[in-house]
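S.K.: Chain B: place on chain A using the hints.
Quick note, the sequences are listed as chains A and B, same order.
Taking my numbering, the leading residue of the first sequence gets 1, the next gets one more, and so forth.
Taking my numbering, the leading residue of the second sequence gets 1, the next gets one more, and so forth.
Hints were generated in silico from the structure; no laboratory data involved.
There's no promise every hint is true.
These stretches of chain B come out as covered by chain A in the derived footprint (C-beta under 8 angstroms, 3 or more residues) [unchecked claim]: (1) 10-17; (2) 53-61; (3) 79-92; (4) 122-136; (5) 166-178.
Note that the Cβ used here is the ideal one computed from N, Cα and C, for glycine as well.
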Amino acid sequence: MPDEWKYDELSASIDSIILRGEFTSTGDEELDALARIASGLRGLPSPEFKAQVVAELLPQANLRSWWPFRGSGKAGARESEHRLREDRNLTGWIEGIPVISWFRGQRAFLAAGGSSGLVGGACCVSGATAHVLGLASAAAVTSYIHSTIPYFVALSIAGLAGWLLWVLREQGITPATIARTARRHGIALGGAYGAVFGSSMALTMVMGLY
Amino acid sequence: MRKRPVLDARQLEAERRLIEASQKQPRRFAQLYERYFDRVYAFALTRTGDRAAAEDVTADTFRQAFENLPRFEWRGVPFSAWLFRIAANAAADHFKRASREEMLAETRDVQDESWEARLIQVETRARLFELVRKLPGDQRDVIMMRFGQEKSIRETAEAIGRTEGAIKALQHRAMETLRTWVGEENA
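Pulled out of the complex, with its shape left as it was, chain A reads as follows (with noise of 0.2 angstroms):
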């Protein structure tokens, strides 16, 4: 049938387009126009990489309007406002240096590490904390710290591990997402768990509790 060997010639120059990026002529000169019309859509943006760039960016926008990001309601926008006027004359400047400007699209994945990094220490900064107020003596905290800190940096591994799978449950699952997020946020992510969790570990050993 006509119609069928039309739909076959445009099917083969689309797949020669998308493979190849190469645009043959069928000999035809209306299923030409429509190959080219098709050379334009190569390359076309799948919508779940659409998705996933926004769901890198939305998080730390949700965060942004949560304390300690920002503040919240009126203040909050008060705060912004006056944020703002500050961006354009003092710290402007100070926000342009590359680091600063780092840490302030990694703060969610900072806080996040942060706070998974002090779950695992939790033991630590507890026991340190009943051993200063004469509550546990440095062997009874050292024993406790001992046979707790598995647990807790468990409990802490697994909160991060969850975070990061509500991060990219709308992006999907998959070995790329998760390469890129790691490539994009590894660094500040395990940079600030091992920073708080390590602080903790050192303020026990500092005190000869561990």
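M.R.: Relative to the frame of chain A, chain B by itself:
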């Protein structure tokens, strides 16, 4: 395809208000993203000629735009000009990272074209991407799978649950619809 008209004073004012709203409430950045995604992606694709590279450049561009938006100062120039500048730098960074001779040569080739020619190419592509979203549901699904996900006719037929012949017919119809719309815009 007809060039997208330059923004008039009212549209520029609306754009300024949206940017200021996004500076105060970062959540509003989603609107800017929705408005400019196709054009930034088309720019990146025109610049790199490669889907994976275009995706990296697009993602970097919006991330940098999001991070630097508080420092953006409105000067009456369309926001897209600022985004394109970021995208151009992101593309240059991408090629530096890749540091492959053929890719560098490709960039130089593209840069040889006039700025206006490149812009027309970007606008044409972006407009075509927008038109795809306006296609009837079944035609749109076929085009998205064929061009967006680079699926074969057989894979598309399996995913949609139709015969290969039906998919080819839908594909043909979608191309005709797009050609008609493009023709109407050019008229």
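S.K.: Would you mind marking each hint as holding or not holding in the structure?
M.R.: Here is what the structure says about each hint:
| no. | hint | verdict |
| --- | --- | --- |
| 1 | 10-17 | violated (count 0) |
| 2 | 53-61 | holds (count 4) |
| 3 | 79-92 | violated (count 0) |
| 4 | 122-136 | holds (count 5) |
| 5 | 166-178 | holds (count 7) |
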